[in-house]
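The residues making up each chain are set out below.
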Amino acid sequence: MSDKSDKGMSRRQFLGLTGGVVGAAALASIGFKYRGTKNERKIDPENMNYKENETDILVIGGGMTGLFAAVKGHDAGAKVLMVSKGRLGSSGQTPFAKGIFSYDAATASVSLDEFTEQVSSSALKTNNPVFTRQMAEHSKARVDELREWGFFDSPLYYDSFSKPINERNISVMERIMITHLIKENGKIAGAAGFSIDEPTIHIFKAKSVILCTGAGGFKPNGFPICDLTHDGSVMAYKIGAKITGKEWNDGHGGSMDNPAACYDGWHGMFAMSPSKTGVEIHHDLGVDINYRAYVLGNPVSMMPGGDNTIVEGGPYVPEKFVRNREAGAPPGGGNGDKMGPPPGAEAGDRPSGPPPGGEEGRGPGMAAGASSGGASAGMAIHKSEGLVPINEKGESNIPGLYAAGDALGSYMAGAIYTQVGSSLAGSAVQGTIASEAAAEYCQKAVLQNIPSSKISRIKEEILAPLKRDSGYSPAWVTQILQGVMIPNFVIYIKKESILKAALAYVEELRDHHSPMLRAADLHELRLAHETENMIVNAEMKLKASLMRKESRCSHYRLDYPDVDYKNWQAWINIYKGSDGEMKFVKQPFDSWPV
Amino acid sequence: MSIKKISGCIGCGTCVKSCPTDVIRLSPKDGKAYIAYPEDCQICHLCRMYCPVDAITIEPEKSIPVMISWG
Chain A
1 MSDKSDKGMS
11 RRQFLGLTGG
21 VVGAAALASI
31 GFKYRGTKNE
41 RKIDPENMNY
51 KENETDILVI
61 GGGMTGLFAA
71 VKGHDAGAKV
81 LMVSKGRLGS
91 SGQTPFAKGI
101 FSYDAATASV
111 SLDEFTEQVS
121 SSALKTNNPV
131 FTRQMAEHSK
141 ARVDELREWG
151 FFDSPLYYDS
161 FSKPINERNI
171 SVMERIMITH
181 LIKENGKIAG
191 AAGFSIDEPT
201 IHIFKAKSVI
211 LCTGAGGFKP
221 NGFPICDLTH
231 DGSVMAYKIG
241 AKITGKEWND
251 GHGGSMDNPA
261 ACYDGWHGMF
271 AMSPSKTGVE
281 IHHDLGVDIN
291 YRAYVLGNPV
301 SMMPGGDNTI
311 VEGGPYVPEK
321 FVRNREAGAP
331 PGGGNGDKMG
341 PPPGAEAGDR
351 PSGPPPGGEE
361 GRGPGMAAGA
371 SSGGASAGMA
381 IHKSEGLVPI
391 NEKGESNIPG
401 LYAAGDALGS
411 YMAGAIYTQV
421 GSSLAGSAVQ
431 GTIASEAAAE
441 YCQKAVLQNI
451 PSSKISRIKE
461 EILAPLKRDS
471 GYSPAWVTQI
481 LQGVMIPNFV
491 IYIKKESILK
501 AALAYVEELR
511 DHHSPMLRAA
521 DLHELRLAHE
531 TENMIVNAEM
541 KLKASLMRKE
551 SRCSHYRLDY
561 PDVDYKNWQA
571 WINIYKGSDG
581 EMKFVKQPFD
591 SWPV
Chain B
1 MSIKKISGCI
11 GCGTCVKSCP
21 TDVIRLSPKD
31 GKAYIAYPED
41 CQICHLCRMY
51 CPVDAITIEP
61 EKSIPVMISW
71 G
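Protein chains in written order, with UniProt numbering: chain A, 1 to 594; chain B, 1 to 71.
These are computed hints drawn from the structure, not numbers from a lab.
Glycine included, each C-beta is placed from N, C-alpha and C at the ideal position.
Hints are not guaranteed to be accurate.
Said to hold, decoys possible - The calculated label-pair distances, taken between Cβ atoms and stated as ranges, are:
hint, chain 1, residue 1, chain 2, residue 2, range
1, A, S578, B, K5, 50 to 56 angstroms
2, A, G77, B, P28, 51 to 57 angstroms
3, A, P318, B, K4, 45 to 51 angstroms
4, A, A271, B, Y34, 21 to 27 angstroms
5, A, A271, B, G8, 17 to 23 angstroms
6, A, E507, B, K4, 38 to 44 angstroms
7, B, K32, A, E581, 49 to 55 angstroms
8, B, Y34, A, E148, 37 to 43 angstroms
9, B, G8, A, T309, 23 to 29 angstroms
10, A, W592, B, K4, 34 to 40 angstroms
11, A, E114, B, W70, 42 to 48 angstroms
12, B, W70, A, S591, 43 to 49 angstroms
The shape of chain B in the complex, shown without the other chains:
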């Protein structure tokens, strides 16, 4: 699933800002980044490249929920 894992986050928030499609947010609980909207990931890797501690893992495939009825 596109952006897959954030491990070793230092909570700097750079990935949140760097994502063009607003996929990542900082958790109000621990201040660490988490994947909030994975379905909007365009797999561009900007978050990974901007991350100062290489905490982000991304995979090339994208799986999705089944399309159901009427929105």
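In isolation and in its complexed conformation, chain A is listed as follows:
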């Protein structure tokens, strides 16, 4: 027998052991179905229906971005088809976003230029000022339209979103997961996916595609992003689009009481009607709280009465934006968070001044009780990750392919959370602008022919997990991935040795487990494709984090703790090289890709 002492263990064995312990401990409240037996199919993959659909603009996603992309593309004269993995206004993060920023030039305390400059100052120049300004400039017009549709009258958005869609008779296909984008002759040609309700594969032929697919995470507990797995970015990456922003992290915490309960952790905010927010610029949701948790251990608190122990080191926060822990209150009179403005005296208006001290005034993870970091693990700051835009319209480097909202790496807010409520406003604004540009593109574009051989190959790839007699359940692979990626010493408080160790795991999942994912029904088929996408996202996050040898905004390296103004005034763009390898390139701040 071989030596089983610590000394006799290989590095890989040692990492395997520790990783397993971490995985089990960190993930105690995540469920999965164990399927150690032969794949007991409930769907016959050899007997699927097949449907083709044609349109000018294909809008993928039914959240705030998708809503405006569909409506405005239609109004600009294009034939629009919306396809969504969930239901209009009831999937992704949109249903849970309750504050929307509205900049009113007539009453605002700062000019558009001043607003943009203040965001850039908080974001340490990581923002793209063109998108920052664009969001503010157009926010009021979009908010006014939303009011007209009844958005501010209900906590549930389906009815208000349906109003403009139904009035225009825009086609919407729900509960279809898109797995592939299709490129022909260097241009976008459509997309493909499957219904999760019936055994049907759908091919969509389109002159233009707008990704309104949101961002994603690793299906973490306590944050309502378990249906978001970076599907849009990953399928765009596979056909040659550039992706950015993977080193940044959204720093939301979650409640340690019932940690999987998003609704409870957000203190009933999901049941509240949305409201407007005004200018209120922060430097929030970075890794400062997570750094405290790493140094001091849980629990952490951002609320009055919380632990005020001074912690040395940690992420740099510009003087002007330092959170006043002594007073125990978050800055700016707000609740220090992006979500959850309490209802104002009039529907749709957030009251000025600090929120009431009651439960409603707290953001997610800000309960009076103990909270823990990492609730949104796998997701970056809103709009700092996603497709790289080549211009202010959200166009990608693939002609005809656009992205908007959280699917677009616009750096609207920068790599830190800056303006409260800007996420939802930015989605509405970017969806509009991208779709108007796509409609114009469609006037000159023609539908590309998609060879039947390519369609056959795509069908095979979609159905592969259903066809496997044996393999790994997506739930189990996801759980392993969570165990590798979610711990605070991996993607939050980073250092080279651990990033490399985690990468070894993720590469194993990519090379060995992704190709062996199995599914017995359409629900599991969706999980299989989501799991594959999360593994690609994990590889991007680890490699971008290794490359960025500095700390800034929501990216923090223990081994490079300072902002590097000399070498790192740049974003990181990721693309698939001609050899199939993941490639990384710097793009200077405040520039467009060459």
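Could you slot chain B onto chain A? The hints should help.
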């Protein structure tokens, strides 16, 4: 266990569509909603809030099967 009970369902299917993570399905037997994939519930309450007859009960805790070997 997260989404716990559906009682008094009228079979309208709204909860099925409203669930972001595809937890609920309509039964082919009686056309009523049932909890098909409870392990994927993110406890967001959208199904409960959209239900027109308040048929859905949700609890905040989430219990899971024990993690076993290799997937």
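Right, here's what the structure says about each hint:
| no. | hint | in the structure |
| --- | --- | --- |
| 1 | A:S578 with B:K5: 50 to 56 angstroms | holds, 55 angstroms |
| 2 | A:G77 with B:P28: 51 to 57 angstroms | violated, 43 angstroms |
| 3 | A:P318 with B:K4: 45 to 51 angstroms | holds, 47 angstroms |
| 4 | A:A271 with B:Y34: 21 to 27 angstroms | holds, 24 angstroms |
| 5 | A:A271 with B:G8: 17 to 23 angstroms | holds, 20 angstroms |
| 6 | A:E507 with B:K4: 38 to 44 angstroms | holds, 40 angstroms |
| 7 | B:K32 with A:E581: 49 to 55 angstroms | holds, 51 angstroms |
| 8 | B:Y34 with A:E148: 37 to 43 angstroms | holds, 38 angstroms |
| 9 | B:G8 with A:T309: 23 to 29 angstroms | violated, 51 angstroms |
| 10 | A:W592 with B:K4: 34 to 40 angstroms | violated, 51 angstroms |
| 11 | A:E114 with B:W70: 42 to 48 angstroms | violated, 58 angstroms |
| 12 | B:W70 with A:S591: 43 to 49 angstroms | holds, 47 angstroms |
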